[in-house]
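S.K.: Protein sequence lines correspond, in order, to chains A and B. For the first sequence, my numbering begins at 1 and goes up steadily by one. For the second sequence, my numbering begins at 1 and goes up steadily by one.
Treat the hints as calculated values from the structure; they're not laboratory data. Some hints could be false.
[What the hints assert, rightly or not] What follows is a list of derived Cβ distance ranges for each label pair:
no. : chain 1 : residue 1 : chain 2 : residue 2 : range
1   : A       : E253      : B       : M57       : 27 to 35 Å
2   : B       : V60       : A       : S304      : 28 to 36 Å
3   : B       : M57       : A       : I195      : 38 to 46 Å
[To be verified] Some chain A residues near chain B, calculated using beta-carbon distances under 8 Å:
no. : residue
4   : R175
5   : T176
6   : P177
7   : A180
8   : Q298
The beta-carbon is built from N, C-alpha and C at its ideal position, and this holds for glycine as well.
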Amino acid sequence: MTSSPPQTEVPARPSASDGKAPRTSEERFRELVSSVKDYAIFMLDPSGRIESWNAGAERTKGYTADEIIGEHMSRFYTPEDLARGLPGTLLAQAQRDGRVESEGWRLRKDGTRFWADVVITAVVDDHGRLTGFAKVTRDLTDRLRAQEEQLRLAQAEEAVRLRDEFLSIAAHELRTPLSAVQLQLQGLLELPGGIDPRIRARVERACRSGDRLVTLVDTLLDVSRITTGSLTLVPGVFDLTAVVQEVVERYREHAVRAHSPVTVRSTGPLQGRWDRLRIEQVVTNILVNALKYASGTQVDIVLSGDESEVTIRMADGGPGIPESEWERIFRRFERAAPMRNFGGLGLGLYVARQIVEAHGGTIDLAPGRARGAEFVIRLPRSTAPGSAR
Amino acid sequence: MSHSILVVEDDVDIRQALVEILEEHGFPAVSAGDGAEALDYLRKAPELPCLILLDLMMPVMDGATFREVQRKEPRIASIPVVVLSAYRDLDRHVNGLDAVSVLRKPPSVRELVTVLQAHC
């Protein structure tokens, strides 16, 4: 151990010529208190009238020392707290217990409220006689707001979780009786010996409605899988051109009803490793949208590819989608057109984008078209098994 | 083995519809409401069915557990199983079940009959 030179007190800064520099420790302490900005620290006389004021008090409550010294501390309390006599109660408690702490709304000079943490300490002389109170107030409004915000966020997240859970349960529950109805209808259509043609036509129509219901319910199930991260991909190697042609073929009748001829052009077979059912779903969703929103116009599908990725372009001649809407329409429950004109859940593009992104690809709208909408889907040739989020 | 089909399905309406459709197309059918009931039936049945039509999600004992137990019991292990799944992504749920066929619910009557004719 080496001996260090004796500590010498750092001399106080040389007195300024105006003679106002603090000299005694009490004066230095007063200066320290008066310069504190984060806490309002001030003294009260035994009746609660303000005797001193610091920078923090001015900042927190908005009064200057000249304005407030001599006033009663009840001035900081809200009418509700005044009505229940809170200032007097707090002072009485501080006197009885030596100290009291409370949190609550207090008033600033301009009438606005802040959330205060207040500690009032009784000050007594050598004989135990009350000489006044020291009051320390901290503005916790920001902390309270942050807590409230956190609570609101948690409540919102919980509401979303409950909605998704309900969606999932509802979809599962709807699916079972729907299957039973479809089985019965199909059983009627396939009765050995046949059925009356008039009944057949009606049952067939009921079957078609049942198919639509199944599609809607399955979409809800997909959404709940996506939100829980359980939409898993099962990739296999297949020719995208052939799959797109199959989907178009499946919707041929639908296209005729919509008066929308659908063309498919491709540079040839486009092999890749993707989840076939899911890619069919993407192409179907975009095609069905085109037939719905751009009916009466031609739908052109163009496929191309290079070594690393393939591109599907699906263009229609309909009203198009304003660029300002391009991000919104890929969100859940959103749609390009007003709801009252077109049915549907507003989930098709959302599901499509989730599936494409799970494949490591992108789906966007092509800019600069004079007419109609053009969706551009890019898929890397190979996808590792994974899940959508 | 007989030419009957064992339908294992918990939803009573689907179960009845399947049994009726099968019988109308010449396949005598018996049914069970879950995997445990199905095992119970198979262990006691003097004549075994030629095929089991198996739902996956069922209370008490689900389809996967039923299949696991079935494959360990020599007397009933070789009865072929056709899985019925409510899901669009069928193969996610039937990996490892070793089913001779997987049909999506509700199966079309034609595909159902075609599959059954191939095995019974």
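S.K.: Hints first: check each against the structure and report whether it holds.
M.R.: Structure-based check of each hint:
| no. | hint | verdict |
| --- | --- | --- |
| 1 | A:E253 - B:M57: 27 to 35 Å | holds, 34 Å |
| 2 | B:V60 - A:S304: 28 to 36 Å | violated, 53 Å |
| 3 | B:M57 - A:I195: 38 to 46 Å | violated, 32 Å |
| 4 | R175 | holds, 5 Å |
| 5 | T176 | holds, 5 Å |
| 6 | P177 | holds, 7 Å |
| 7 | A180 | holds, 4 Å |
| 8 | Q298 | violated, 30 Å |
Violated hints, listed in ascending order, are 2, 3, 8; each of the other numbered hints is respected by the structure.
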